[in-house]
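Protein chains: 2
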Amino acid sequence: MSEKNRQILLISRPKGEVSPANFRLVEAPIPEIGPGEVLVRNHFLSLDPYMRGRMDDAKSYAASQPLDEVMIGGTAGEVIESRNPEFAVGDRVMGMLGWQLYGKNDGRMIRKADTSRVPLSAYLGAVGMPGVTAWYGLNRIVAPKAGETVVVSAASGAVGSAVGQLAKRKGCRVVGVAGGAQKCAIVADEYGFDACADYKAGQLYPDLRTATPDGIDGYFDNVGGATLDAVLRRMNAFGRIAVCGLISAYDGQPMPLHNFRSVLVNRLRVEGFIVSEHMEVWPEALRELGALVAAGELKYRETIAQGLENAPEAFMGLLKGRNVGKQLVRLVTP
Amino acid sequence: MSEKNRQILLISRPKGEVSPANFRLVEAPIPEIGPGEVLVRNHFLSLDPYMRGRMDDAKSYAASQPLDEVMIGGTAGEVIESRNPEFAVGDRVMGMLGWQLYGKNDGRMIRKADTSRVPLSAYLGAVGMPGVTAWYGLNRIVAPKAGETVVVSAASGAVGSAVGQLAKRKGCRVVGVAGGAQKCAIVADEYGFDACADYKAGQLYPDLRTATPDGIDGYFDNVGGATLDAVLRRMNAFGRIAVCGLISAYDGQPMPLHNFRSVLVNRLRVEGFIVSEHMEVWPEALRELGALVAAGELKYRETIAQGLENAPEAFMGLLKGRNVGKQLVRLVTP
Chain Z
0 MSEKNRQILL ISRPKGEVSP ANFRLVEAPI PEIGPGEVLV RNHFLSLDPY MRGRMDDAKS
60 YAASQPLDEV MIGGTAGEVI ESRNPEFAVG DRVMGMLGWQ LYGKNDGRMI RKADTSRVPL
120 SAYLGAVGMP GVTAWYGLNR IVAPKAGETV VVSAASGAVG SAVGQLAKRK GCRVVGVAGG
180 AQKCAIVADE YGFDACADYK AGQLYPDLRT ATPDGIDGYF DNVGGATLDA VLRRMNAFGR
240 IAVCGLISAY DGQPMPLHNF RSVLVNRLRV EGFIVSEHME VWPEALRELG ALVAAGELKY
300 RETIAQGLEN APEAFMGLLK GRNVGKQLVR LVTP
Chain Y
0 MSEKNRQILL ISRPKGEVSP ANFRLVEAPI PEIGPGEVLV RNHFLSLDPY MRGRMDDAKS
60 YAASQPLDEV MIGGTAGEVI ESRNPEFAVG DRVMGMLGWQ LYGKNDGRMI RKADTSRVPL
120 SAYLGAVGMP GVTAWYGLNR IVAPKAGETV VVSAASGAVG SAVGQLAKRK GCRVVGVAGG
180 AQKCAIVADE YGFDACADYK AGQLYPDLRT ATPDGIDGYF DNVGGATLDA VLRRMNAFGR
240 IAVCGLISAY DGQPMPLHNF RSVLVNRLRV EGFIVSEHME VWPEALRELG ALVAAGELKY
300 RETIAQGLEN APEAFMGLLK GRNVGKQLVR LVTP
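As given, the protein sequences belong to chains Z and Y, one line each in that order. Residue numbers for the first sequence follow numbering that gives the first Met the number 0, beginning at 0 and rising by one. Residue numbers for the second sequence follow numbering that gives the first Met the number 0, beginning at 0 and rising by one.
The following block holds chain Z by itself, in its conformation from the complex:
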């Protein structure tokens, strides 16, 4: 092949906010595959908040992204060469092939995606890691009963929108927290939440109180910070909080929490989780999510940047909440 691979490397760690200077776009040969391996042309790259944590070298649940290597990332693409009998040229697959146009794998870390009823990109969103994240935190930690009130932050995002729709199907009152009137409108009108509080409107606690007249029984937290503090004040006895993300603290800002007392007063259970440690639920969750998406009963939005070279900027936008729904980068010409 005369074409080259293109890759984005992490070349320095952010001091505070992520900057374009932390990345470098390079060319590289397209990898050659050996026996048992497949070569994949990536069509979509997934951008996710967890990547911010990997960019630091602080202690975290996962190893740091090494410097001068291809940025980690979920991808969905097409098999273009195969020396593995389980994969044929033309198969659509998802995997973790990173911020690059081409990647190879021995078949153990990629999975076929049935695109007959679900579009390929959804396997990076509602029928992928974000969807399973929503499914796990909601079903295994928040575990709401019909009639309870469930709140989710970053409600217009890939995870939050799925949390709310799944909770609604369980008969809960579902309230989102999102930034801006536009996102709140989407959360209420498109995803069918009962209400959405706009944290950028500057009166989160009163708005949340109005939206949760019976208090809050379950909270799916994607952001931490002031939103978590406000929610703690509204929690009911025996409430459950799934801690999935603390995006408000990713840049190392202090995130003092003032209402921790609620954990004792209301006998709360607060649990952090990372979905990749619960692989046992993926088949069940993906089956359910795939069926809902195929039937049009689980809605999602995508914000798609065009071209690998625009991935850093799209990622910075994601961390600032500029996207609506799942942030993707399309790596092929549309």
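In case anyone wonders, no lab produced these hints; they're calculated from the structure. Keep in mind the model is a prediction, meaning the values are calculated, not measured. Glycine included, every Cβ here is placed at the ideal spot set by N, Cα and C. Honestly, I wouldn't trust all of these hints.
Just the calculated beta-carbon pair ranges, DEER-fashion [stated by the list, open to error]: (1) Met108/Y / Arg139/Z: 33 to 41 Å; (2) Gly201/Y / Arg12/Z: 30 to 38 Å; (3) Gly191/Y / Arg12/Z: 27 to 35 Å; (4) Gly179/Z / Pro212/Y: 28 to 36 Å.
So these bits of chain Y aren't anywhere near chain Z, every CB distance computed over 10 Å [said to hold, decoys possible]: (5) Lys3; (6) Arg5; (7) Gly15; (8) Val25; (9) Pro34; (10) Gly170; (11) Ala184; (12) Ala187; (13) Gln202; (14) Leu263; (15) Glu276; (16) Glu279; (17) Lys298; (18) Thr302; (19) Gly316; (20) Pro333.
Position chain Y against the provided structure of chain Z, taking the given hints into account.
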């Protein structure tokens, strides 16, 4: 009877710290009992941190202590008159008869105490509510395995000392946090903890780090605040935190928490509880605790104030950590 009952009423709610002016000592007739009732002469009154919460009218897990009524409190005493066939004059009983010399009950809220092998006062401590609190939080929330490191705050107290000794029996490394060299010496030498960090020495985090070389797997929290913050920095993946008390915030001081991020990074489970909501474990817990105390295998200390009139001052001392072990008030002449 010519003798009078004496009672301490709550007459105002504290603004910040508890003050003697919040209480009033009054005389009242000794209650007359009706059919099915028993009259108890209280020998010991238990003073406990939870009482501070009841003095406020803020939303909490229990109703506020009403003004101008006898302060709530656990008691141990002797039946001096009975119209209930299940109780005989001379029976030792424990109950919640409040800050007063005499109380009556219909028999449903008092329980006989076998003082043949366990002293009566222990039924307010290691073989009473504090002991069961330790037992529940340790066994049902922290649930440590042999070889894990368990930390407990207020380690010289009635609850903390029992937590540590029970964890030690499970083969854990046990580290206490207590205030002052004297308390730390008791924790290590008398209760057999592996180490004790003195938070008053002004370098809690480094001391805790030294005492927990393998990190912390379980934390039984009686205090919240800066101690909780320091512990959060040392937690291992999948650690468990039982939130039993937040004594550092009882007077309404802000208690900002800075290291909440650890809940996500380390996938912690944090759970608040109140032992009176888990009555199902009391028989099992009290059986185990009673056997250990009788065998001399569960040690405890008591700080005993003399006379009902000294209860308010003893209670204020408890909130400031002036007691060592279980704080009691003796209501009879020694």
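Hints, verified against the model:
| no. | hint | verdict |
| --- | --- | --- |
| 1 | Met108/Y / Arg139/Z: 33 to 41 Å | holds (39 Å) |
| 2 | Gly201/Y / Arg12/Z: 30 to 38 Å | holds (33 Å) |
| 3 | Gly191/Y / Arg12/Z: 27 to 35 Å | violated (45 Å) |
| 4 | Gly179/Z / Pro212/Y: 28 to 36 Å | violated (48 Å) |
| 5 | Lys3 | holds (38 Å) |
| 6 | Arg5 | holds (33 Å) |
| 7 | Gly15 | holds (16 Å) |
| 8 | Val25 | holds (31 Å) |
| 9 | Pro34 | holds (37 Å) |
| 10 | Gly170 | holds (26 Å) |
| 11 | Ala184 | holds (29 Å) |
| 12 | Ala187 | holds (28 Å) |
| 13 | Gln202 | holds (21 Å) |
| 14 | Leu263 | violated (4 Å) |
| 15 | Glu276 | violated (7 Å) |
| 16 | Glu279 | holds (15 Å) |
| 17 | Lys298 | holds (27 Å) |
| 18 | Thr302 | holds (24 Å) |
| 19 | Gly316 | holds (22 Å) |
| 20 | Pro333 | holds (36 Å) |
Hint violations for this structure: numbers 3, 4, 14, 15, all remaining hints satisfied.
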